[in-house]
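Heads up: the sequence lines are chains A and B, in that order.
First residue of the first sequence: 14, per my numbering; consecutive thereafter.
First residue of the second sequence: 14, per my numbering; consecutive thereafter.
Rather than coming from a laboratory, the hints here were simulated on the basis of the structure.
One thing to keep in mind: the hints can contain errors.
In silico negatives: residues of chain A with every beta carbon more than 10 Å from chain B [unchecked claim]: (1) ASP52; (2) ALA205; (3) GLU245; (4) TRP247; (5) GLU285; (6) THR300; (7) PRO306; (8) GLU397; (9) ASP421; (10) PHE456.
Derived list of chain A stretches under chain B, where covered just means 3 residues or more per stretch with a C-beta under 8 Å from a C-beta of chain B [what the hints assert, rightly or not]: (11) 29-39; (12) 78-90; (13) 329-336.
Just so you know, these numbers come straight off a predicted model, no measurement behind them.
Every residue, glycine too, gets a C-beta built ideally from N, C-alpha and C.
There are 2 protein chains.
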Amino acid sequence: MLTQIIHALSGTVQGDVVIAGWVRSRRDAKDFAFVEVNDGSCLRSIQVIVDREVPGWEEIAHVTTGASVRVEGEIVASPAAGQKWEIRAKRAEIVGSADATYPLQKKGHTMEFLRSIAHLRPRSNLFGAVFRTRSRVAFAVHEFFQKKNFVYVQTPIITSSDCEGAGEMFRVTTQGEGDGKTPKAEFFGKPAYLTVSGQLEAETFACALSKVYTFGPTFRAENSNTTRHAAEFWMIEPEMAFCDLPGDMDLAEEFVKAMVRHVLDHCQEDLEFFGKFVDKELVSRLTLVVERPFQRLSYAEATRILLASGKTFEFPVSDGLPLQSEHERYLTEEHFKAPVTVYDYPRKAKPFYMRANDDGDTVAALDLLVPRIGEIIGGSQREERLDVLQANLKAHGLRDEDYWWYLDLRRFGTVPHAGFGLGFERLLMFLTGVTNIRDVVPFARTPGNAEF
Amino acid sequence: MLTQIIHALSGTVQGDVVIAGWVRSRRDAKDFAFVEVNDGSCLRSIQVIVDREVPGWEEIAHVTTGASVRVEGEIVASPAAGQKWEIRAKRAEIVGSADATYPLQKKGHTMEFLRSIAHLRPRSNLFGAVFRTRSRVAFAVHEFFQKKNFVYVQTPIITSSDCEGAGEMFRVTTQGEGDGKTPKAEFFGKPAYLTVSGQLEAETFACALSKVYTFGPTFRAENSNTTRHAAEFWMIEPEMAFCDLPGDMDLAEEFVKAMVRHVLDHCQEDLEFFGKFVDKELVSRLTLVVERPFQRLSYAEATRILLASGKTFEFPVSDGLPLQSEHERYLTEEHFKAPVTVYDYPRKAKPFYMRANDDGDTVAALDLLVPRIGEIIGGSQREERLDVLQANLKAHGLRDEDYWWYLDLRRFGTVPHAGFGLGFERLLMFLTGVTNIRDVVPFARTPGNAEF
Numbered sequence: 014m015l016t017q018i019i020h021a022l023s024g025t026v027q028g029d030v031v032i033a034g035w036v037r038s039r040r041d042a043k044d045f046a047f048v049e050v051n052d053g054s055c056l057r058s059i060q061v062i063v064d065r066e067v068p069g070w071e072e073i074a075h076v077t078t079g080a081s082v083r084v085e086g087e088i089v090a091s092p093a094a095g096q097k098w099e100i101r102a103k104r105a106e107i108v109g110s111a112d113a114t115y116p117l118q119k120k121g122h123t124m125e126f127l128r129s130i131a132h133l134r135p136r137s138n139l140f141g142a143v144f145r146t147r148s149r150v151a152f153a154v155h156e157f158f159q160k161k162n163f164v165y166v167q168t169p170i171i172t173s174s175d176c177e178g179a180g181e182m183f184r185v186t187t188q189g190e191g192d193g194k195t196p197k198a199e200f201f202g203k204p205a206y207l208t209v210s211g212q213l214e215a216e217t218f219a220c221a222l223s224k225v226y227t228f229g230p231t232f233r234a235e236n237s238n239t240t241r242h243a244a245e246f247w248m249i250e251p252e253m254a255f256c257d258l259p260g261d262m263d264l265a266e267e268f269v270k271a272m273v274r275h276v277l278d279h280c281q282e283d284l285e286f287f288g289k290f291v292d293k294e295l296v297s298r299l300t301l302v303v304e305r306p307f308q309r310l311s312y313a314e315a316t317r318i319l320l321a322s323g324k325t326f327e328f329p330v331s332d333g334l335p336l337q338s339e340h341e342r343y344l345t346e347e348h349f350k351a352p353v354t355v356y357d358y359p360r361k362a363k364p365f366y367m368r369a370n371d372d373g374d375t376v377a378a379l380d381l382l383v384p385r386i387g388e389i390i391g392g393s394q395r396e397e398r399l400d401v402l403q404a405n406l407k408a409h410g411l412r413d414e415d416y417w418w419y420l421d422l423r424r425f426g427t428v429p430h431a432g433f434g435l436g437f438e439r440l441l442m443f444l445t446g447v448t449n450i451r452d453v454v455p456f457a458r459t460p461g462n463a464e465f
Numbered sequence: 014m015l016t017q018i019i020h021a022l023s024g025t026v027q028g029d030v031v032i033a034g035w036v037r038s039r040r041d042a043k044d045f046a047f048v049e050v051n052d053g054s055c056l057r058s059i060q061v062i063v064d065r066e067v068p069g070w071e072e073i074a075h076v077t078t079g080a081s082v083r084v085e086g087e088i089v090a091s092p093a094a095g096q097k098w099e100i101r102a103k104r105a106e107i108v109g110s111a112d113a114t115y116p117l118q119k120k121g122h123t124m125e126f127l128r129s130i131a132h133l134r135p136r137s138n139l140f141g142a143v144f145r146t147r148s149r150v151a152f153a154v155h156e157f158f159q160k161k162n163f164v165y166v167q168t169p170i171i172t173s174s175d176c177e178g179a180g181e182m183f184r185v186t187t188q189g190e191g192d193g194k195t196p197k198a199e200f201f202g203k204p205a206y207l208t209v210s211g212q213l214e215a216e217t218f219a220c221a222l223s224k225v226y227t228f229g230p231t232f233r234a235e236n237s238n239t240t241r242h243a244a245e246f247w248m249i250e251p252e253m254a255f256c257d258l259p260g261d262m263d264l265a266e267e268f269v270k271a272m273v274r275h276v277l278d279h280c281q282e283d284l285e286f287f288g289k290f291v292d293k294e295l296v297s298r299l300t301l302v303v304e305r306p307f308q309r310l311s312y313a314e315a316t317r318i319l320l321a322s323g324k325t326f327e328f329p330v331s332d333g334l335p336l337q338s339e340h341e342r343y344l345t346e347e348h349f350k351a352p353v354t355v356y357d358y359p360r361k362a363k364p365f366y367m368r369a370n371d372d373g374d375t376v377a378a379l380d381l382l383v384p385r386i387g388e389i390i391g392g393s394q395r396e397e398r399l400d401v402l403q404a405n406l407k408a409h410g411l412r413d414e415d416y417w418w419y420l421d422l423r424r425f426g427t428v429p430h431a432g433f434g435l436g437f438e439r440l441l442m443f444l445t446g447v448t449n450i451r452d453v454v455p456f457a458r459t460p461g462n463a464e465f
C-alpha cells in the first residue's frame, strides 16, 4: 500500500512506508544519494536518502530527473532546513527511466514551450499547483451550491438553440464520407451546434426545482487570440426561481467570497507558491476581496464616477456605452479599492432575456468586478413577462418558434427568476494570479490548437 | 426570505414562513381551499389552507394546476393523514397563472409525451425525483474521489485524438458560409472532433499527480435507437499511477458500493418513490449490492460457468467471444446473486491501450457487472511498456505520430497505471430503476433529437 507524499510529509505517518513518484533531482554525497521525489499529491517533494548498503543503490546512484521510482523506507525527522521529514531508504528501484531527452529538465522553460508539452507540464511545480487548485475549487463550487440545496443540472452540450443569439457557435456534424467535407444527412434532424451557455435550459429546471446550477463546458467559435479567450471553457450558471436582482447580487457576492476563502483556507501551500513565483500581490488582493465589503452601484452612478475621475481612458466613457475593462478596473482597483457590483445596465446591447426595468432604458443586469480581472460575473433577472419577452425576441430578430419552450415557462406558472454566469477559468486566473487562460486549462483549445 | 418546502416539512421550522412554488392541485371545501404546492426542493408538496378571510382568497379560490403562487402563513401540525405539517395561509397570491392548456395536468402521461415537454417534465414527481437524485449522485462522485485525494481533471471536449480508434466521432467545424454546408478553413488547424473518452488525457495527469479522475460529457455518433444509448452522455474516469489490475478492481467495487450506499442513505424519499412507481425490486437489488461481497473471476472461469449452466442463450458462449448482456446478467443475477467483476479478457477486440498479460492471449481488463444492467464499469491496467504499446498501435492500424504524447508517457518515467470508465447515466438507471436513458438526462440527444 503506497503512502502519498502529502501524508508522508504531514507528520501524521510514522515508521516504515512505501512511496512512489517521479525524481525531481539527485545529489550525491560520498556514501549517499539524496533523491527528491514528487508524486503530485502536494507541491513539495520528499527527500529520500539512499546509502550504498541499500538494495537498489546501483540503480538509484544513476537515476535522472523524470524517472519514476519506488522506495521502501522509514520516515525520520530531517536535519535539513526547510523540511521536517525525510525517508531513509531500505530498498529503492527505478520503475521507469528518463534519458537526457526528457523535456522537463530542471531549468527555466518559457510558458510557450510548456504549452507545447501539455502532457508533461503537470509534472512541474507551477502546473501541479494550478491543477490541484483547479480541482479543489471545482469541488468548492459544488459544495457551495449543494449546501444551499441547489440542484446540479447537466445541461446539454449539443444544442439547436442559440442562447445569446450571437452566432459564433461551432457546428456539430457526423463525419463526411470520402472527402471529409460533405456532411451526411443531419444526425439530429436539424443543424446542431455546441452550446454557448446552459442558461436557457437551466431556467426550465429552476422553474421546477427552484434553485439549480450548471457546471459544464461551453464553446465560442471566436477567432480571437488573446490571453483571456479560449474556444472551450467551463461555466458555472446558477439560476433561482422567485428571485430578483438584489437576491441575485447577494448570491454572486457570497459565491465569490466563498471561493476566495476556500483557496485561502485550503490551498495554502500552492497559494504561497503562486504568491512567490507568479504574482506577488496575489494574497493581498484575495484578502481584500474577503475582508472589504462589496460596493454596489448602478451603471449610471458608475458612469458619473468615471466621468468625474479625471482619468484619461483609451475608450470613451459616456452614458449608454458599455464599460470597458479599463473602466471596470478603475472602479474596483482605484476608486473603491474593493470588489464592486454594477447593476441596471443600458438595455441596448444586452441579450433578449434580461428583464426590462420600469424606466424603459435599462435592464436588471449585474456585473461583478474584481481587481485585476474586471468583470468576473455577469447576470440578470430574467424577463418573466410573456408579452415583453416576445417583444424583445422580435427586437433582436429572433423567432418565437425557435424559443417555444422558453416562452412556455412564461405561459405556465411564470415566476420572477434570476441567475448569473461565471467563467471557471477566469475565476481560476483570479485565484492563482496566472495571466493566460491557456495555463489554467489542462489542454487549451484556441484557434489553431486542438492538440492532445 | 423564502423557506424551501423541504424545510417547511421537516419539522425544524416553526412559526410564520413565506413559501413559493407551483400548484399541483386544489380542493375546495365550504370556506376553505386546500392547495398543494411544490417547489421541487423535495418530492412532497405542502398543503396550504386558505380560508375566505385571507387576503388573496379571491384569486386562490380559482387557482389551477401549474400556476405559481406565493404564500405567507404559519406552519401548523396537520390533522390529515400522511403529512405532519401544513400551512395556514395569512396571505396568498398567484404569481403566474396557468390555463387549461398547461400540458402537465394531473393525470397519467406517457413517457414519450413527457420527453416532448422536457422543459416542463421536471415539474412532475418522477422527473423531480430523477433530477434531484442525479444531482446528489454527481456530488457523491466528487466527494468520493476528493476524499481520497484524487485530482479532478476537466479533459478536453474538442479533440483531434480518437481514444478508441473506433471512428463514430462527431465532427466540429465552424459554420459554413452561405449554404451552411461548406466548412471554412479548419478553426483548429486540423480536423477536430467531440471526445469519446477523457482517458488518454487523464493518463497524462495520472503520470504527474498520481491519482486523478474526470467527470464530463462524452459523445458517440452512433446511429442506434436503443434505450441504453445516447449521443451525449457523462463519463467518470479515474486513473491511478502505480496501480495494477487488482488495485483497479478494488477501486471499482468500492466506488459502486459507495454510490449505492449514498442513495440508500441520502435519497430515501425519492428512492421510495422509484420503488413504488418505477421498479418494485429496486431497493432489494440495491441492498444486495451493498451487502453481498463482490465476486471476482477471470473471463475463462466465467466462460466455463456459462457453458456448464445448461442455459440456452441467444448468443453463443465460447472461449474468445465477448460476453453479451444476457451472459453478464446470468452471472450476476442467477449464478452468483451478487455483483461480479470479470477480469483478464481475450486480447482481440480490446483497445490498443490495455496491458497484455504474460499468457499472450489476454489483457488486464475488468468489467464490473450488476444485476439488471450487466456491465456498469469497464477498465484496465494500461500498457506501460513502450515497445509493447507501439506494437499494439501498429496491430490496430494506428500511427505512432498521432499518439506521440501518449507514447512520451512511456518514454519518460513510465509507471504501471490503471483506471476505469463508467457511464453516469447507466449508473443512474441502476440507482433509480428507470429503464430508458432518455429519462435520466435533462435533455437527451439521440438520432433525430437535439430539441431544447
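Taking the hints in turn, this is what the structure says about them:
1. ASP52: violated (5 Å)
2. ALA205: violated (5 Å)
3. GLU245: violated (5 Å)
4. TRP247: Check fails; 6 Å does not lie beyond 10 Å.
5. GLU285: holds (19 Å)
6. THR300: Correct as stated: the minimum Cβ-Cβ distance to chain B is 25 Å, above 10 Å.
7. PRO306: holds (20 Å)
8. GLU397: violated (7 Å)
9. ASP421: violated (6 Å)
10. PHE456: violated (5 Å)
11. 29-39: holds (count 4)
12. 78-90: That given contact holds, which follows from 4 residues of the region 78-90 of chain A lying within Cβ reach (below 8 Å) of chain B.
13. 329-336: violated (count 0)
Violation of the numbered hints given earlier is confined to hints 1, 2, 3, 4, 8, 9, 10 and 13; the remaining hints are satisfied by the structure.
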